[in-house]
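Residue numbers (my numbering), protein chains in the order written: chain S, 1 to 306; chain D, 1 to 453.
One thing to keep in mind: the hints can contain errors.
Stated by the list, open to error - Some chain S residues near chain D, calculated using beta-carbon distances under 8 Å:
1. Y50
2. P52
3. Y53
4. G102
5. L186
6. E216
7. P219
8. L224
9. L225
10. T227
11. D228
12. R236
13. S242
As the list claims (entries may be wrong) - If you want the ones that stay clear, here's a sample from chain S, every Cβ over 12 Å from chain D, calculated:
14. P6
15. V20
16. R72
17. R100
18. G147
19. G157
20. T239
21. V285
Derived from the structure by calculation, the hints contain no laboratory data.
None of the values given here were measured: they were computed from a predicted structure.
Quick reminder that beta carbons are idealized off the backbone N, C-alpha and C, glycines included.
Listed here are the chains, written in short residue letters.
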Amino acid sequence: MPQSSPIAAFGPLLDALRGVKWPARHAVAAALPGAHVSRLRGAAPELSEYRPYRQGDDPRRMDWRLLARSDRAFIRLAEERSVLATVFLMDSSASMAWPRPGQDKWRRATEMAVGLAAVAHASADPVGLVTPTASGMVRLPARTRRGTVAEFAQALGPVTPAGSVELAPALRAISAGRVAIVSDFLGDAESLLRIARVRLAAGGDVHAIHIVAREELDPARGSLLATDPETPSVARPLTSASRDGYLAAFAAWRGELADAWRASGASYAMVTTDEPAAAAVRRVVAPASGPSPTAKAAHAAAEGNR
Amino acid sequence: MSWLAPGFLAAGALAALAVVILHLIALQRPRRYDLPTTRFIPTAAARAAAMTRRPSDWLLLVMRAVAVLALGAAFARPVLAPERRPMRQLLLVDRSDAAAELAALRDSSLAHYVDGDAVIYVDSAARAAIAPGPDSLRQLTLTHARGSLSAGLVAARRMATALADSSDSLRIVVISPFASEAVDAALPEVRAGWPAALTLVTVAARSDTAIAEPVTLGEVADNDPLAAGVRSIALSATHPVLIIRSSPTGNDSSWARSGGLLLAWPAGRPEGWSDRLPTDSVGALVAGAATVVAPFARPWVAPEVGPGSRVAARWVDGEVAALEQPLGDGCLRTVGVPLADQGDLTLQPAFGALLRALVVPCGGVRDLRPISAEALSALRGSGSAAVSAKTLRSEHDRSPLTPWLLGLALILLIAEWLLRGTRGGRETDAASRTDDTATTRTAGSPARSQGAA
Numbered sequence: 001m002p003q004s005s006p007i008a009a010f011g012p013l014l015d016a017l018r019g020v021k022w023p024a025r026h027a028v029a030a031a032l033p034g035a036h037v038s039r040l041r042g043a044a045p046e047l048s049e050y051r052p053y054r055q056g057d058d059p060r061r062m063d064w065r066l067l068a069r070s071d072r073a074f075i076r077l078a079e080e081r082s083v084l085a086t087v088f089l090m091d092s093s094a095s096m097a098w099p100r101p102g103q104d105k106w107r108r109a110t111e112m113a114v115g116l117a118a119v120a121h122a123s124a125d126p127v128g129l130v131t132p133t134a135s136g137m138v139r140l141p142a143r144t145r146r147g148t149v150a151e152f153a154q155a156l157g158p159v160t161p162a163g164s165v166e167l168a169p170a171l172r173a174i175s176a177g178r179v180a181i182v183s184d185f186l187g188d189a190e191s192l193l194r195i196a197r198v199r200l201a202a203g204g205d206v207h208a209i210h211i212v213a214r215e216e217l218d219p220a221r222g223s224l225l226a227t228d229p230e231t232p233s234v235a236r237p238l239t240s241a242s243r244d245g246y247l248a249a250f251a252a253w254r255g256e257l258a259d260a261w262r263a264s265g266a267s268y269a270m271v272t273t274d275e276p277a278a279a280a281v282r283r284v285v286a287p288a289s290g291p292s293p294t295a296k297a298a299h300a301a302a303e304g305n306r
Numbered sequence: 001m002s003w004l005a006p007g008f009l010a011a012g013a014l015a016a017l018a019v020v021i022l023h024l025i026a027l028q029r030p031r032r033y034d035l036p037t038t039r040f041i042p043t044a045a046a047r048a049a050a051m052t053r054r055p056s057d058w059l060l061l062v063m064r065a066v067a068v069l070a071l072g073a074a075f076a077r078p079v080l081a082p083e084r085r086p087m088r089q090l091l092l093v094d095r096s097d098a099a100a101e102l103a104a105l106r107d108s109s110l111a112h113y114v115d116g117d118a119v120i121y122v123d124s125a126a127r128a129a130i131a132p133g134p135d136s137l138r139q140l141t142l143t144h145a146r147g148s149l150s151a152g153l154v155a156a157r158r159m160a161t162a163l164a165d166s167s168d169s170l171r172i173v174v175i176s177p178f179a180s181e182a183v184d185a186a187l188p189e190v191r192a193g194w195p196a197a198l199t200l201v202t203v204a205a206r207s208d209t210a211i212a213e214p215v216t217l218g219e220v221a222d223n224d225p226l227a228a229g230v231r232s233i234a235l236s237a238t239h240p241v242l243i244i245r246s247s248p249t250g251n252d253s254s255w256a257r258s259g260g261l262l263l264a265w266p267a268g269r270p271e272g273w274s275d276r277l278p279t280d281s282v283g284a285l286v287a288g289a290a291t292v293v294a295p296f297a298r299p300w301v302a303p304e305v306g307p308g309s310r311v312a313a314r315w316v317d318g319e320v321a322a323l324e325q326p327l328g329d330g331c332l333r334t335v336g337v338p339l340a341d342q343g344d345l346t347l348q349p350a351f352g353a354l355l356r357a358l359v360v361p362c363g364g365v366r367d368l369r370p371i372s373a374e375a376l377s378a379l380r381g382s383g384s385a386a387v388s389a390k391t392l393r394s395e396h397d398r399s400p401l402t403p404w405l406l407g408l409a410l411i412l413l414i415a416e417w418l419l420r421g422t423r424g425g426r427e428t429d430a431a432s433r434t435d436d437t438a439t440t441r442t443a444g445s446p447a448r449s450q451g452a453a
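For reference, chain D alone in the conformation it holds in the complex (with noise of 0.2 Å):
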């Protein structure tokens, strides 16, 4: 066991040797004794201070005791402390897609785990491992969701408080390619929460070098204009993509979990979007830094935006004109807007950019490249990597044992009320009883004497 604030023990302990003490020298009515001459004995309080050597009421002295060594060791706050090993790791691997090699990040991270080490997997969210360990690690595979250092960081702290009580020192390793889209803004705060050097491993960040290959259009009618208008720019994509006029089917949606990027342009309501009544008409679209400028009419209104969707595309007064939706490894990405059967405006250069816009990759533009060196040091920190897990359990103010302690002092404080009440506790102070008219039957005056004494 273990004491969060050991200190209060000691006055504890202290309090209760003063109880006892107290317990022998406190003023004591003493014993009664009868005594056909008392009048003689010279006027003076009824309790008198005395010292014994036993306490007169053993119980009263326990309860009292131990009542306040409970309230002391509640004070304490006294923690049931497993066995602590000296230095525990907590091992943070970017598994998103930024990495160049998966083997590169498994290599890495096997030879810097230790038996015991705790293990947190990044991509866009931070999940523990349940079983880490070497084969946790040779499994890891890579997920096509951007990192989010900031997420690992806050995951780990709160894993290092868990651990404070096993460990004696806990150290975290980040296994990252450190790409600059796993930072946001939020991550110089996170990191300060941790009060030592972090240790970074670096991985190589993939590049984007995959070759554009023209997109895939669905069944289309022969004058659809959507697809004029894809076929007018070769529009292509480093990254697999499918173009369908209808909503999705079984197996567009498999497709898309597949990692792909289904773009779900359907000529009549989307599925999920409610009619517009009326109807109205904005003036411009707008995707990422494309807009295309036309009387559009906007029939539809899309549905909320839920957790982990996005919005691709909005119309110039703000409202959801696309949505993207996570679809296992890849996602839908919804449009809603009616395009004329008749004019030329998806053969548009405004059109197309805004085509380009739309197929960029799930989760949008992506940043693979290395943070600066600048931003690297400042996430790394100065100072030893390791910190002591003291520092941590000071945090931790919870002693499961704190409510059970005080409990029993106050359990044992109204149990000793009722014994003392219950033990005559209604005495009296002779000595304000002293009888003056005992004094006038005696033949010699003894009180006068006594007065005048």
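Just chain S, with the same shape it has in the complex (with noise of 0.2 Å):
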């Protein structure tokens, strides 16, 4: 009897998420054909706009109609796509093996990758993993061939969240034209926001998935001591009295967190352990309200250079 592959585990996310696209946010600066609008403009078969014929054109895009019609020379330009490579930065500390014993913010992270990576491999789009542990890095380098989502999968399979670990390196290592990080943000938050903001800048695109826990947002009740998993010698008494100002103050990261993430042009995502996974994923790849402010001014720099 063959061993059961991990990739089976997700196959019921992965046939919920079928024909699910994960479209950029903003024009793709890439030369390979792929999905998503390109910022170049060339003789794909989509008709987008006319422009006056100049010497040096093809003459085989002149657009001979109009000629017949307008005695005008125009040539036909259409709307090239591209591929969009997509590299999934997986947080393994130890407060992502949380709750105790199922690690489900650890089993959330790897569903929403693996989900996010199949929904990407599917628009063609090169998906690859870089997971920093305490006792190393896994690394797959973006591919689109067969079988990457399930090596994908595979790669997630023995890494075990543990200790304490620094994704800002990791970030500024990526080359990806899309980076998702999937991550609870409670280590190096700062540092990769900075690193962020210079690859939005630099055009790229980064989206930001906040993985919660059900019980980091409503914890046990009772008078307890709560400790740092990462961080034992941070523990602070949990009763009755300062659950309410956990609640707050940690509501308050959160949003903080969440305009943080947005006001730098990345696109953020909280993802608790008790949504379902596939309409967690769906919800990350639905665009938002429009391209981002950084993607619209993006995109007028491109029309400008045309």
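Mind assembling these two chains? They're in different frames, but the hints should get you there.
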């Protein structure tokens, strides 16, 4: 009997995401043809606009019918579509291995990553993985070949969240056009945001997928001594008196975090462990209210360059 | 069981209740709970007061509560009280020979005796009847010793304390002729030790109406100076007297034991006396109110005056010249005074007075006159004739269970200390180790927002 592969556990999720698209949030500066709107204008079948013929243009792109009607030479322009390599930066710190014993946050993170990877891969986008762990870096280069998603799931299988890892250095080293950061942002979030801003300013696409456990939003009641699994020296009493303060402080921080990422031009989505993974993936890939301000500015600059 | 200080028992119960309550609301270290977002919890002490419906450590709670209860019980001084009678009498029966009629003494004793009463026979000392009862009282006999009300009351006071646990009230009944000789200087203070009135039953006192008869002389030589002195005054006494001029024989001693006065005045060194080296002389001899002034040789030294002995005569410098020793119901009076064969010393009136002083009854002159009415009233006292046994029990401050209860409390407290140490007594205050470095790693500065909060 053949052994079940890690991807088999994600079967229902992948089935639910069949046909889901994950469009780029702005025009992609890539040469390979793909599913995303490219910043380049080329000879694609889809007509997008006309331009007066200039010396040197390919005569085959001239619209002869328009020439016959108007006696003026125009060439046809169409939008190019390009691929968008997507790399998933996974947070495997100890805070992701909670709550025990199911490690729901890490499980949800892997589901999000596998689901989004499958969606991107279905659109012929290369997908890759970067996971800093306490014992080293788990890395999968971005690929489009068949079986990439299975390799993706297989690479995440043995990873056990532990220790304290920094994501910022790994983000700096990623060169893909789109990066999805799957984390609880309880680690080096400031450094991470700083590097993300640089990527966004350079035209990259960043998605911040914030994994939050339901038990963090509604922790156990009673008099408890809460301790940080990554920093055991941090211990605070969680009682009925301090619970409201905790909920308010945590909500305020989440709000600030969301505002900071969105203000930088990234996409931000909070995913709780009790939300169905398929729905969360659809929410992440769904275009929000149009392109981000940064994307708009980049598009305008590209138009000006034509 | 009864408690000498029941207030401490109530205090111990209250303290044990307080221990239980403290176990439920004591500041406790909460259960550890891993929470990655701990940094957002407001900083506070790691200990929080919490009400719990169940104590966290039953064994510690039980040990502490039992230790406190044991301490309270120990200070409450439990006494295993036997079954008590409502009223118990202590009969003091004066069986000295001051009573005129033995039958009257027996009848009075039997008339006042109730089953369960204690009986103390009093003469010169007090002895509790081993098996008090009507039979013992019917077999009562008189002794030839003087009575001592002080000795009787002291013994009654002691016995009352011993009987306090088995009685609710106690009463002392004194059955006596109350002769003056039974009263001594210690009686008022001894009487003051009994906090109730005494019941006094008076029996007739003996009046010394015995006819004086001549004393008996043992075998003496014809020219014995002592015999001459005795005959010259026709020495007589109201009690049997035998004068011998040698060491007492067995017959003599047995005669004295039957109640006679054996006056041994040997010509040589008396038995038990030692030679004085060198022999000295002294100018006078005193016995009672009689004094004989003469150049006496003093060749012997009297033995130590033992318990029960009495000095019958002294030399003028205070040394013992004649010593009386009790012998059964009588006594042996030994005189260590050599008498010259020549001379008329023993025929002088002073010597005759000395002889009369030396043949007074054993124990000295008796005063059998009853005490005055005022003295009797003072002895009786006023107020209730019964004293509550509680008064006597509270003075009896020994509780046999107290040391055991204290030991139990001590063992439990030591065990509790050891058990607490093995069950994480080395608690640390987590709030004192609140992490500051963690706050620098979070975006949105949750620590700063917390600080602002």
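Outcome of the hint check:
1. Y50: violated, 48 Å
2. P52: This hint is violated: S:P52 lies away from chain D, its Cβ roughly 51 Å from the closest one there, beyond 8 Å.
3. Y53: This interface hint is violated because 53 Å lies over the 8 Å limit.
4. G102: S:G102 check fails; min Cβ-Cβ to chain D is 13 Å, beyond 8 Å.
5. L186: With Cβ-Cβ at 6 Å, under 8 Å, it holds.
6. E216: Holds - the Cβ of S:E216 comes within 8 Å of chain D, reaching about 5 Å at its closest.
7. P219: Cβ of S:P219 sits 6 Å from chain D, so the hint holds.
8. L224: Interface hint status for S:L224: holds (4 Å vs cutoff 8 Å).
9. L225: With a minimum Cβ separation of about 4 Å from chain D (threshold 8 Å), the hint on S:L225 holds.
10. T227: holds, 6 Å
11. D228: Where the cut-off is 8 Å and the nearest Cβ of chain D is about 4 Å from S:D228, the hint holds.
12. R236: holds, 4 Å
13. S242: holds, 5 Å
14. P6: holds, 25 Å
15. V20: Nearest chain D Cβ is 29 Å from S:V20, so the label holds.
16. R72: holds, 57 Å
17. R100: Violated, because the least Cβ-Cβ distance between S:R100 and chain D comes to about 7 Å, which does not exceed 12 Å.
18. G147: holds, 34 Å
19. G157: At about 22 Å from chain D, S:G157 clears the 12 Å cut-off, so the statement holds.
20. T239: violated, 5 Å
21. V285: It holds; S:V285 is separated from chain D by about 24 Å at its closest Cβ, greater than 12 Å.
Hint check: violations occur at hints 1, 2, 3, 4, 17 and 20; the rest are consistent with the structure.
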